[in-house]
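S.K.: Heads up: the sequence lines are chains A and B, in that order.
Residue numbers are given in our numbering: position 37 of the first sequence equals residue 37, and the series is strictly consecutive.
Remember, our numbering sits 174 above the position in the second sequence when you count from 1.
These are computed hints drawn from the structure, not numbers from a lab.
Heads up, some of the hints might be wrong.
Covered stretches of chain B (in silico footprint by chain A; criterion: 3 or more residues with CB under 8 Å from a CB of chain A, positions within the stretch not fixed) [as the list claims (entries may be wrong)]:
| hint | segment |
| --- | --- |
| 1 | 192 to 204 |
| 2 | 241 to 252 |
| 3 | 339 to 348 |
Examples of chain A residues lying across from chain B (beta carbon under 10 Å, computed) [stated by the list, open to error]:
| hint | residue |
| --- | --- |
| 4 | N20 |
| 5 | W40 |
| 6 | E83 |
| 7 | G87 |
| 8 | G128 |
| 9 | A137 |
| 10 | Q149 |
| 11 | I171 |
Cβ-to-Cβ under 10 Å is the rule here; a few derived chain B residues that face chain A [said to hold, decoys possible]:
| hint | residue |
| --- | --- |
| 12 | E176 |
| 13 | L177 |
| 14 | R236 |
| 15 | T270 |
| 16 | K294 |
| 17 | E300 |
| 18 | Q308 |
| 19 | R322 |
| 20 | V324 |
| 21 | V325 |
| 22 | M328 |
| 23 | K330 |
| 24 | R333 |
Quick reminder that beta carbons are idealized off the backbone N, C-alpha and C, glycines included.
Protein chains: 2
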Amino acid sequence: MELELQQAIEILERTPATLNSMLRDVPEVWLAQNEGPETWSPYDIVGHLIHGEETDWIPRARIILEHGEARAFEPFDRVAMFEKSTGKSIAELLDTFAALRKESLHELNEMHLTPALLEKRGRHPELGVVTMKQLLAAWVVHDLGHVRQVVRVMAKQYRDAVGPWRAFLPILEE
Amino acid sequence: MELELQQAIEILERTPATLNSMLRDVPEVWLAQNEGPETWSPYDIVGHLIHGEETDWIPRARIILEHGEARAFEPFDRVAMFEKSTGKSIAELLDTFAALRKESLHELNEMHLTPALLEKRGRHPELGVVTMKQLLAAWVVHDLGHVRQVVRVMAKQYRDAVGPWRAFLPILEE
């Protein structure tokens, strides 16, 4: 399917509420567990999404608009949240993410991206030439990928608790 | 992690709102696409969850309480929704699921499951002996697995649209 700007925005604007439904006021045990060493908890994932709003998606769209391929994006620090989230409650993180996403979408709207601008090229520090449209599609898929990661991490806490049902629950093997 | 009844309920009661955030009023294109032949769309998945409320989880808990291992559960029709959802809007399906889940959790509460009852055994038609506790853990993981399926199906619609970013988005390969 081709990216259509409004269809992409419809997904991007839903992610804060989706995470809120899943995580706000949930018992701590569901928030803090991960999938083992070097993996992320639901709490970590929300922090990572916040850092993406601050340094990744809209800042990169801005670079494409202003510099095209002439200037590569800043590399994105995927694990910045381990330091940045310290001491914050999940409620604070969810509120911060919702506010930042709202700002991001406001700024996206202000960019008035025409079909020509959606095809405009930029340069990713590792992937090379990419377009504005691909950046926006990647933003949507990145959101969905992290929602899927949150539920997978939570599901795995019951890997043993489900007993013989494990054979019917493929999420436990991912 | 061991199943604790209240912790499991905290997840089960959130699923309708999570699906609602993701799917209500979303453009049709996100609801109707699947992952290819014999796979399910987000619309299909909500119908499947409805059928689970009607015929699977609480009915099976009732059978365990009333008959223990003496009577096997009814087999669950995983694809009943292809017929049952016909003609219904996603809004209707989401409302139906939310109402049924509320009833299910009310009935679960009325069962006053003690630690002894949580260990009570029943018989699954394929998996053999299972406990009440395992049934409830499987219910939670089944919910989470289908939320993950919804986002995976949606993400895959942008598999080509993300261009080179595909290399960084593992959800597209699942």
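S.K.: For every hint, state whether the structure bears it out.
M.R.: Here's how the hints hold up against the structure:
no.	hint	in the structure
1	192 to 204	holds (count 8)
2	241 to 252	violated (count 0)
3	339 to 348	holds (count 8)
4	N20	holds, 8 Å
5	W40	violated, 13 Å
6	E83	violated, 22 Å
7	G87	violated, 24 Å
8	G128	holds, 7 Å
9	A137	holds, 4 Å
10	Q149	holds, 8 Å
11	I171	holds, 4 Å
12	E176	holds, 6 Å
13	L177	holds, 5 Å
14	R236	violated, 18 Å
15	T270	violated, 18 Å
16	K294	violated, 13 Å
17	E300	holds, 8 Å
18	Q308	holds, 4 Å
19	R322	holds, 5 Å
20	V324	holds, 9 Å
21	V325	holds, 4 Å
22	M328	holds, 6 Å
23	K330	holds, 9 Å
24	R333	holds, 8 Å
The structure is inconsistent with the numbered hints 2, 5, 6, 7, 14, 15, 16, although it conforms to all the rest.
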